[in-house]
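There are 2 protein chains.
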Amino acid sequence: MTQQNYRKMWEALDLDLDAHDGLLEVLGKFYGDIYLSQQGRLAGAEYLDFVLSEIHGLRIQELREAQAAGRKVIGSFCVFVPEEITMAADAIQVGLCAGAEAGTEQAEQVIPRNTCALIKSFVGFKMAKLCPFTESCDLVVGETTCDGKKKAYEAFNELTPTYVMEVPQTKSKAALELWKTEIRRYLAEVEKLTGNTVTAEKLKQGIKTVNARRRVLQRLNKLRAASPAPISGRDALLINQISFYDDPERFTAKINELCDELETRIAEKQGVADEDTPRLLLSGCPMAVPNWKLPYVTESAGAVIVGEESCIGTRNFRDLVDESGTTLDEMIDALAERYMQIDCACFTPNTERLDNVTALAKDLNADGVIHYSLLFCQPYSHESMKVDKALQNEGIPMLSIETDYSMEDVEQLKTRIEAFVETLA
Amino acid sequence: MTQQNYRKMWEALDLDLDAHDGLLEVLGKFYGDIYLSQQGRLAGAEYLDFVLSEIHGLRIQELREAQAAGRKVIGSFCVFVPEEITMAADAIQVGLCAGAEAGTEQAEQVIPRNTCALIKSFVGFKMAKLCPFTESCDLVVGETTCDGKKKAYEAFNELTPTYVMEVPQTKSKAALELWKTEIRRYLAEVEKLTGNTVTAEKLKQGIKTVNARRRVLQRLNKLRAASPAPISGRDALLINQISFYDDPERFTAKINELCDELETRIAEKQGVADEDTPRLLLSGCPMAVPNWKLPYVTESAGAVIVGEESCIGTRNFRDLVDESGTTLDEMIDALAERYMQIDCACFTPNTERLDNVTALAKDLNADGVIHYSLLFCQPYSHESMKVDKALQNEGIPMLSIETDYSMEDVEQLKTRIEAFVETLA
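Residue numbers (UniProt numbering), protein chains in the order written: chain L, 1 to 425; chain W, 1 to 425.
Treat the hints with care, since some could be wrong.
One copy or two, either will do: identical chains are not told apart, so a pair holds if it fits within one copy or between any two.
Stated by the list, open to error - Each computed DSS-like pair below joins lysine-lysine, with the alpha-carbon atoms no more than 25 Å apart:
no., residue 1, residue 2
1, K389, K129
2, K192, K204
3, K192, K171
Honestly, the hints are just simulated from the structure, not real lab data.
Sequences and hints are given; from them, build the entire structure.
So, in C-alpha cells, the structure goes:
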C-alpha cells in the first residue's frame with residue numbers, strides 16, 4: 001500500500017494529519033538514531049524494523065480489514081486484560097499509544113498535572129488525534145491497577161467507550177473470587193461486542209496462542225543470560241513492545257526465528273558488547289513504544305541491558321496459563337490464577353516481586369539493576385525502596401531513576417548512569 | 001494529672017520528649033491564633049478547647065488506663081475501618097496523627113517524596129516519635145483506598161504491626177462480597193487481638209453508638225444551613241476532627257448540647273458572621289488535626305464555611321448503618337452496605353459524589369465551593385475537575401485549591417481565596 005493510501009486511512013480515522021506526519025518524522029529519526037545506528041545487529045531485526053516502520057501503516061490496515069470483515073478491535077495498555085478471552089471471541093487486542101509526549105496540554109485539561117507520563121500520553125494521544133490504534137478501537141478496556149489510570153479511564157470514557165475491569169489489590173482468596181467474576185464479566189462484554197460466543201474450544205485456542213507468545217518471550221529472556229550479551233537491550237525491549245501490537249502468531253514465529261539466530265551467535269560467542277561490559281537489568285515501570293530513552297542512555301553509557309523486569313518485559317510473559325482445562329469454568333479458573341500471579345506493584349503486599357527481581361538479576365548474570373519509576377507513579381516509586389533493600393541483601397547494586405518522557409534530563413541521567421556503570425566495571 | 005505526670009506517660013510511650021514539647025508549643029500557639037481569637041464563640045466550644053488542650057494528655061491517659069484494664073487500642077485514619085466491630089470487641093478505635101509536618105525527612109526515607117502531606121505526616125509522626133496515639137496502638141489498621149496509603153502501610157508495617165483491609169475499587173456486587181469478607185476477616189482479627197468474642201448483642205450496641213455519633217454530626221450539619229451561620233467553619237471542622245479521637249458517648253452528649261445552643265442562636269438570628277457574608281462549602285481531601293490552614297485562610301478572607309464534604313466531614317456521618325438486624329450475619333451485611341455507600345474518590349466511577357456535593361451545597365445554602373486536594377493526591381485531584389463541571393452545571397462557582405501542610409503558600413492562597421470570595425459577595 002502506498003503512503004498516499006495510508007494518509008487516506010488516517011484521514012478516515014480522523015487523525016490530525018499534519019501533527020501525525022510530524023510525529024512519524026520524529027519517530028523515524030529517533031528510531032534511526034537509537035536502533036539503526038547499532039553495529040552488528042541480528043538479521044532477525046529486519047522484522048522489528050519492518051513492524052516499527054509500518055506500525056501506523058500496515059498493521060492499522062490489517063486491523064481495518066479485519067473490522068471490514070466483521071471483527072472487533074479492543075485496545076488496552078495493561079497486562080491484566082486477558083487477551084485469551086478477546087481472541088476467543090475472535091476480536092483483536094492491541095496496545096494503545098502511550099510512550100511519547102503528545103497532546104500534553106489537552107490531557108492536562110481532563111487529568112491532573114501530577115500524573116505519570118504514560119497516562120498523560122495515553123490521554124494526550126487520544127485528544128490530539130495522533131494514535132491510529134486508539135482510533136481503531138471498538139472498545140478500550142481499562143483496569144484499576146493504579147489511582148492514576150483508574151481515574152483517567154473515567155475521563156477517557158467521556159472521549160470513547162471505555163470498559164473497566166476491577167483488578168483486586170491483595171491476593172486473598174476473596175480477591176481471587178472478585179477477579180474471576182471480573183473475567184466472566186469481561187467475557188460477557190466481549191461476547192456482546194462481537195456477537196460471538198466464547199466456547200471452550202475457542203478459549204483453549206486463545207490460551208494456546210497467548211501462551212505460545214509468552215513462551216517465545218521466555219526463550220528470548222533465557223538466551224540473554226549468555227555472555228557476551230547476544231542482543232542489545234534496545235532490541236529486546238522493542239521485541240517486548242511489539243508483542244503488544246503485532247499479530248500474535250506472526251510475532252511468535254518471527255521471534256522464534258530470531259531466537260534461533262541468537263542461539264547460533266551464543267554458540268559462536270558472538271555478542272553485541274564485549275564480555276566484560278557491565279550487564280544491567282532494568283526493573284520497574286513499563287516502557288511503551290517509543291519510550292527508549294533510558295535503554296539508549298544506559299547502553300550509550302558503556303553497559304548492556306540483559307533484561308526488563310516490567311509489564312513490557314517479564315511481567316508479561318513469566319507465568320503461563322495452565323492448559324489442562326477442558327471446560328470453560330476450568331479455563332476461567334486457570335486464567336484467573338495465572339493473572340493473579342502477576343507481581344504488579346498494585347498489590348499489597350507484593351513481596352514476591354522482590355524475590356523475582358533478585359532471582360532474575362542472578363539468572364541473567366546481571367552486575368547491577370537500574371530501577372525505573374515514572375515520575376508520579378506511586379506504586380513503583382514505593383517499591384523502588386524495597387527492591388533496593390532486597391538487592392542490597394544479595395550484594396547486587398541498584399541505581400534508582402525517576403524520570404518522565406521529556407528529554408530535558410538526558411544529560412543528567414547519562415552522568416548518573418555512567419557513574420553507576422563505572423562502579424560495576 | 002499534672003503536666004509532670006504526662007511527661008512520664010509520654011516517656012513511657014517512648015516519645016521524643018523535647019521535640020514533642022516543641023510540637024505542643026506550636027500547636028498551642030496555632031490554636032490560640034486560629035481558634036481562641038474568634039469572637040462570640042459558643043459556650044459549647046469549651047468542650048472543644050478542653051479536648052484539644054488535653055488531646056495528648058488526658059485522652060492518652062484514658063487510653064492507657066483502658067489498656068491497663070485489659071482493653072486494646074486500634075488506630076486508623078480512614079472512615080472505612082468499621083469502628084462498630086472494634087467496639088463490639090471492647091477495643092477503642094482512635095485516629096492517628098496526620099495533620100502536621102513532622103518527621104518529613106525520616107518519612108522520605110521509606111516513602112516517596114511525591115506523597116501527599118497526610119501520608120507523609122502519618123509516617124513522619126511515627127518515625128519522629130511524636131504521636132502518643134500512634135504509640136498507644138496495639139494495632140494499626142490500614143486500607144487500600146489509595147496507592148499512597150496502600151503502599152505506605154507496607155513501610156509502616158515494618159515500624160509497627162499494621163493490618164490492612166482491602167477496600168474494593170468499584171461498587172459491583174462482587175466488590176460488595178469482597179468487602180463483606182474483609183469485614184469478617186477484620187472481626188476475626190479484632191477477636192484474636194482482644195480475646196473477646198463479638199456477639200450479636202455487642203455488635204448491635206456498637207452500631208447504635210457509632211450511629212448516635214453520626215446522628216449528632218448530621219444534626220450539626222443541618223443546623224449550619226441557617227443564615228447567619230451559627231458556627232464558624234473552623235469550630236465545625238474541629239468537632240469533626242475530635243470525633244475521631246474522643247470517647248464516642250461523651251462526644252455525642254457534648255455535641256448534642258452544643259447543637260441545643262446552636263438552635264437557640266438560630267432562633268435568635270445570631271451568627272458568627274453577617275447574613276450577607278459569602279457562604280462556602282469545603283469539598284475534597286480530609287483535614288486532620290491540626291490542619292486548619294485552609295479554613296483559617298478562608299474565614300480570614302471574609303467568607304464563612306458552612307460545610308465540609310470530606311472524610312473528616314460528611315463522608316464520615318452521612319450514611320447510617322441499618323439497625324434492624326438481629327443476627328451477626330444481618331448486621332455484617334448492614335455494615336458492608338453502609339460502608340459501600342461512602343462516596344470516596346477511590347471508587348470508579350464515583351458519580352454519586354458529584355450529586356452529593358451539589359445537593360450539599362444547595363442544602364447548606366452555600367454561595368460557592370472550595371475544592372481542596374492535597375498535592376499528589378491523585379483520586380481527589382482527578383475528581384476536582386468533575387466536581388467543578390457538576391457545580392458549573394448548577395450555577396455554583398468553585399475554586400480548586402491544591403496544597404500541602406507547608407505555610408509557604410498561605411499568602412498566595414489568601415489572594416486567590418479573597419478574589420474568589422469577592423466574586424460571590
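Against the structure, the hints come out as follows:
1. Within a single copy, K389 and K129 get their C-alpha atoms only as close as 43 Å, which misses the 25 Å cut-off; across copies the closest is 24 Å, which meets it.
2. Taking the shortest alpha-carbon separations for K192 and K204, only the intra-copy value of 20 Å comes in at or below 25 Å, while the best inter-copy value is 45 Å.
3. In the homo-oligomer, the alpha carbons of K192 and K171 lie at most 25 Å apart only across protomers (22 Å), although the nearest pairing inside one protomer, at 29 Å, exceeds that limit.
Checked against the numbered hints given earlier, the structure satisfies every one of them.
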